[in-house]
Amino acid sequence: MDAKLNQSDLISLLAKGSNISVAKAELFTKSFFDLIIEGLEQDGIVKINGLGTFKVMDVASRGSVNVNTGEKIEIKGHKKLTFIPADALKDDVNQPFAMFEPVEVDETYQPDSVNEPESEDSAEQVELSDAIVEIVESPTEVPAEMNGTEAVESPAEDAEQPVTSEEPVAEEVAAEVETNDEEVVPTTEENNGQPVVETESEPVAVQERPAEPVIVRVPQKKTQHEQKASSAKKKKSKWNIAVSVILGFAVGFILVNRMSRNSVADDATQCVDTLQVIAATANEPEVIVDDIHATDTILETPAAVLPAETDIVVETVDDNAVADEPAVEEAYTFVLVDELAAINLKNITVADTTCYVADGNLAEHTVTSDETLTRIARQYYGDKRLWPYIVKYNNMDRPNDLCRGMKLVIPRLVPRK
Amino acid sequence: MNNKEFITKLAKKCGISVTDASTNVDALVGLMTGCLKENDQLNISGFGILEVKMRNERLSVNPKTGQRFLVPPKIVPAFKPSNKLKDKFK
Chain A
18 MDAKLNQSDL ISLLAKGSNI SVAKAELFTK SFFDLIIEGL EQDGIVKING
68 LGTFKVMDVA SRGSVNVNTG EKIEIKGHKK LTFIPADALK DDVNQPFAMF
118 EPVEVDETYQ PDSVNEPESE DSAEQVELSD AIVEIVESPT EVPAEMNGTE
168 AVESPAEDAE QPVTSEEPVA EEVAAEVETN DEEVVPTTEE NNGQPVVETE
218 SEPVAVQERP AEPVIVRVPQ KKTQHEQKAS SAKKKKSKWN IAVSVILGFA
268 VGFILVNRMS RNSVADDATQ CVDTLQVIAA TANEPEVIVD DIHATDTILE
318 TPAAVLPAET DIVVETVDDN AVADEPAVEE AYTFVLVDEL AAINLKNITV
368 ADTTCYVADG NLAEHTVTSD ETLTRIARQY YGDKRLWPYI VKYNNMDRPN
418 DLCRGMKLVI PRLVPRK
Chain B
-19 MNNKEFITKL AKKCGISVTD ASTNVDALVG LMTGCLKEND QLNISGFGIL
31 EVKMRNERLS VNPKTGQRFL VPPKIVPAFK PSNKLKDKFK
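As you go down the protein sequences, you meet chains A and B in turn. Here the first sequence is numbered in the numbering used here, starting from 18 and rising by one per residue. Here the second sequence is numbered in the numbering used here, starting from -19 and rising by one per residue.
Think of the hints as simulated: they come from the structure by calculation, not from any bench. Note that the Cβ used here is the ideal one computed from N, Cα and C, for glycine as well. A couple of the hints might just be wrong.
Stated by the list, open to error - Derived Cβ-Cβ restraints for the label pairs, each shown as a range: (1) D51/A - L39/B: 39 to 45 Å; (2) E91/A - Q47/B: 54 to 60 Å; (3) K97/A - E18/B: 40 to 46 Å; (4) I90/A - Q47/B: 39 to 45 Å; (5) F69/B - V120/A: 37 to 43 Å; (6) V120/A - N(-17)/B: 32 to 38 Å; (7) T(-12)/B - D123/A: 52 to 58 Å; (8) V82/A - L39/B: 42 to 48 Å; (9) V120/A - E18/B: 26 to 32 Å; (10) T45/B - E91/A: 36 to 42 Å; (11) P43/B - V120/A: 17 to 23 Å; (12) M116/A - G10/B: 19 to 25 Å; (13) V39/A - D6/B: 35 to 41 Å.
With the sequences and hints as input, model every part of the structure.
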């Protein structure tokens, strides 16, 4: 099918089919086509039974227009070689369409394919095999071309429909997620108020939430996470492992960074970055789980939400393996946030201390007991973070070893311009 | 040149009997028909290309009676002479 054969293929086929030697077949085939040309030169017509007629036809001269310049030109009359296939060959080739006969139609009938120019040979050639297959499979259907056009149109329609219908669905999902967030947060607090339902991890999360305003989102997510445990335990446990691994990784990364950091500012930004990454990774599983959960809660009436939540929480208590992991995660998160706060503080210290220059002596200070450099700094400057200036100004080798009776010169600090 | 003349000349050219030439011509034509039936393209260098083409269905009107006919699609054999051959007869 659709193969391209050349003369040598034909020769080998002939040799095989007629049981003659390849040399003889080659001689025969070559002289066959040579003789056709010869006969055409001689008589202008060669008739071969079963194949058809090769004929040299006259083409009359005709006027035409040069498409580039618009000039009128005349195409001179010439001769053209034509081939008129024999009826036997025509019928054999047209076998797939043999059952069709011209049908008389009324005037309203307008097939689409009529508009197409008939001379698009290359396009037709491509369609040929497909069309044949179609026809062979469904011989009762007359308009093969119409099948094709319908088939082309229907996927386009299908493609349009999902696009239009997708948007409201997405909005609904978003709305559900939002409503879910609003519903879940108060119910967890109510649950904590009730002494009947007590989980080890949840009170910790809720207690620490107001203390650290920065991390409000993180524990909230975690409590949600716990509640989802019953609806998607398998998914959740997988995600828990993944998230805890990521958290552990991040903590280790930050610790290593802290040990070997050169500038605190860099570290702080990195820390913030990693936290954001963690938040992002933690959010991802929830979005999926939220959808499942949201549909459940939306279906229930608001009154029924609370019992449902309590049920879920109880289940998480029973399921130790699932309930333990979020607690560990929270611990990690809090450590991270504490670290962030500490780094931020130090970050400010370093940044501020570079803003001043020492300009002369402000005072002389004798260290008494229970005094530290930070206290001295606060006493003189009103800011404990400026203690490194005292250390530098006094050329202290070991600033931690501050002993009673030590005399320190306190520099006057002038803002750097 | 009709079929009989063609076979006679071919027999003379190949140095075989007319009956052999006749059977061989039939075999070769049968082969070519078989190839075209399979939608194969026969590319014979120096001669041309024998292939099949598909004609779309079309509406035809009988100008005398005004009857409209839907002519079904069909597959037709086609011959495309090589440039060498074209130039020879131009």
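Results for each hint:
no., hint, in the structure
1, D51/A - L39/B: 39 to 45 Å, "holds, 44 Å"
2, E91/A - Q47/B: 54 to 60 Å, "violated, 39 Å"
3, K97/A - E18/B: 40 to 46 Å, "violated, 28 Å"
4, I90/A - Q47/B: 39 to 45 Å, "holds, 41 Å"
5, F69/B - V120/A: 37 to 43 Å, "holds, 40 Å"
6, V120/A - N(-17)/B: 32 to 38 Å, "holds, 36 Å"
7, T(-12)/B - D123/A: 52 to 58 Å, "holds, 55 Å"
8, V82/A - L39/B: 42 to 48 Å, "violated, 30 Å"
9, V120/A - E18/B: 26 to 32 Å, "holds, 29 Å"
10, T45/B - E91/A: 36 to 42 Å, "holds, 39 Å"
11, P43/B - V120/A: 17 to 23 Å, "holds, 18 Å"
12, M116/A - G10/B: 19 to 25 Å, "holds, 24 Å"
13, V39/A - D6/B: 35 to 41 Å, "violated, 19 Å"
Checked against the numbered hints given earlier, this structure breaks hints 2, 3, 8 and 13; the rest are met.
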